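Enquirer: So the chains spell out like this:
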Amino acid sequence: MIATTSRFKINEKFVTSKMIDGEAIIINLANGMYYSLDKTGGVAWLLIGGGLSLDEITAAVSARFSVPARQVRDDVIALVTDLLKQNLILPADGVAATKVALEAYAGEAYETPVLNSYDDMGDVLALDPPLPQVEIEPAAWDAIPQ
Amino acid sequence: MTHAEGLISCLCVTRTRVKLLKRAVDCFLKQTHPDRELVILFDSDDAETRQYLATLSDPRIRGVESPAPPPLSLGLRRNRAVAEARGHYICTWDDDDWYHPDRLAVQLSALRQSGRPACMLSRLICLDTETLRAYIAPYGAWEGSVLVERNRMVAYPDLARGEDTVVIDALRQRDHVHLLDRPDLYVYTIHGSNTWHRGHFAQILKNSTPVTPSQSQQIVEETGSKALANPALSMREHLAPTRYWFDQAARRGREPMQTSYFRFAGEPVRMQVVGNALSDHLTQTFAQLAADDVNPDGPFALTINAWDRATTGLGCPGVPMPPDQTQLLDAGLITTYGGGRIVRYERGHYVNAIDRLSSEIFTWRADGNDQALYERAKPFPNMLEMWYRDQAVQQLHAGLVAHNGKGVLFIGKSGAGKSTCTIACALDGFDYLGDDHNGLQMTPDGHCIGHSFYNAARIGPGHLAHFPELRAHQVRPHSEYDEKSLVWMTQVRPGNVARSCQIVAVVMPRIASGPTRSCRASKVQTLIALAPSTLKLPQGGGFGGFMNLADFIPKMPCFLLECGPDISQIAPSVRKIIQQATGGAD
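Just so you know, the protein sequences line up as chains U and H, in that order.
In terms of our numbering, the first sequence opens at residue 1 and continues consecutively.
In terms of our numbering, the second sequence opens at residue 1001 and continues consecutively.
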């Protein structure tokens, strides 16, 4: 169960995204899967990337589309669950929220956000396979002596 | 702010590459950020570097020796350089790359604004000093670009290469990194002596976006990279035997060599063909691009050399070098050499090869008079698509027509109606550019230019039923490998073919049973309709190609066109789409 105070961040190491006309296209470079989100989903994607908590996202989406917070909360939790499952976002409770501009979505109707996934370009979009994992001794992470 | 709080220590680890190091020092001296030092760590057995450092008098530059032989790993040497740093910030300053004078100032400003302790570039420019071609690298966190608060830095592991990836991963895991998209600040130089091998860079370049040849030239000059090329790695000898036998064919063939001139994506192209039948076929393939304004003395952006055995008695030799990679492709073998700069495709009865360094395509046929229609329609598609990509022209799997110079792209999977819409418009007064493969070039001033690639339209029985006037021009298949006929559009509509146009709309056709009608379409859905069929092509452009399309589609009005049974309604609907897309100016 995801706490409504949870915050997340884009899995920047493997994920790149682009907003086009308020919709999002998201690519997971690790496996070449790509995804689309319609306008409501696009708003949620921006807010998630902005480090807002689920409660804050719910409030912002509810206000932007004038729909009850309860309905939005369930939809946002379902979307976040999908995004986590696809490794597109990561939990990041320590991150600070940034302001996200949503003016471009004025007048748009609310639709339950759905993460559409596509797997027909895996060989095209997947980048270099990651380097072989290098085991690092914990001590190696110590800061350099000043 | 105290001096120490603004001081950036640039850390350069080097070994016996003074030619490269001089440029890195020069870039340091030209930085606009005032508080900086350069720590150059070199091996104690590297007399060449010691000698060079002795000539430098700037107190901000310090040489530090590392014990050798044997040299420490790159990771450990980097740690020693960090330990020598006096600044509040440290910045990687590799000896073989070029840095914009504002790099330190811009990255430091971005870091401070972000509130994070590290700043890296999400893209940079890759410059291949052998081909002198530049590319915008794909999005990522480019390790060599890191600027980080010294007390947040972690130790490099004891590795000879890949050491920086581990450190950057650690910084990113801690959410320390701000990514800055300023590729112009950093030119990553591929020069033949990098830590990584050519294959590694070939993969990066495959996923990068080439800049135009003139932009490449500008970058080469600005960064002083021409002098850094390693002449020992010239690729010219790879195709020397092929070139020799083409020359022999031109001298010994019983039919004289035919030379013709074209403009491909506006660039001058020379085609030299030995064998009359082969010459007729090849000039027909590109007849819509024939040009009488090309200077026969050159220079040429591309030279195509072709011959066949039937006329000359001469075959095509192989490449006498070990390949990088060989893959099966459509019942043939495609082989790359020299990090992808030489590519050769071979089937039983033909060979195509490209030297991307000299911009030459060689094409050989067993018999120029006995070719399947798919070979005549696209005689060397992979090589040509590669050449276009090097000119910053992205191949699209789409139909393209234009009305008064305003182009409309028809996109979608095979069977969606691309060809039907393209031909319907071409027969109704539009200019024809291509029914399935065309080029996209985005100009610096934001225009999207569509380029015609091929003259042939492939037609099936359905097209002949819809467009009976094509029957008179139909070239029927005679090979078991040909499923469709073709027509040469310069014969069907001699006055209505175009080389290039400005694309003003993207249309997704859909065969429907009702009336023909159009509506606006989602741009994301349009991108998703265009990308797979374009990028799945052998030279589709990979991730770089995807980013090209993702830059292109947002600029375009996108439409869905439901095509009803009355084909005559398609062209008027497309005219209306152009009017809508251009605000009424048809």
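Read the hints as simulated data drawn from the structure, not as lab findings.
These numbers were taken from a predicted model, which means no experiment stands behind them.
A portion of the hints provided could be inaccurate.
[Stated by the list, open to error] Here chain U is said to cover these stretches of chain H; the calculated rule only asks that three of the stretch's residues, wherever they fall, bring their Cβ under 8 Å from a Cβ of chain U:
| # | stretch |
| --- | --- |
| 1 | 1166 to 1175 |
| 2 | 1334 to 1345 |
| 3 | 1523 to 1533 |
Even glycine gets a Cβ: it sits at the ideal position worked out from N, Cα and C.
Enquirer: Run every hint past the structure and note whether it holds.
Expert: Going through the hints against the structure:
With a threshold of 8 Å between beta carbons, the proposed coverage of the stretch 1166 to 1175 of chain H by chain U holds, since 5 of its residues qualify and at least three are required. A count of 0 residues in the stretch 1334 to 1345 of chain H with a Cβ less than 8 Å from any Cβ of chain U is obtained; the coverage claim is therefore unmet, three being the minimum. Counting residues of the stretch 1523 to 1533 of chain H whose beta carbon lies closer than 8 Å to any beta carbon of chain U gives 7, which meets the minimum of three for the stated coverage.
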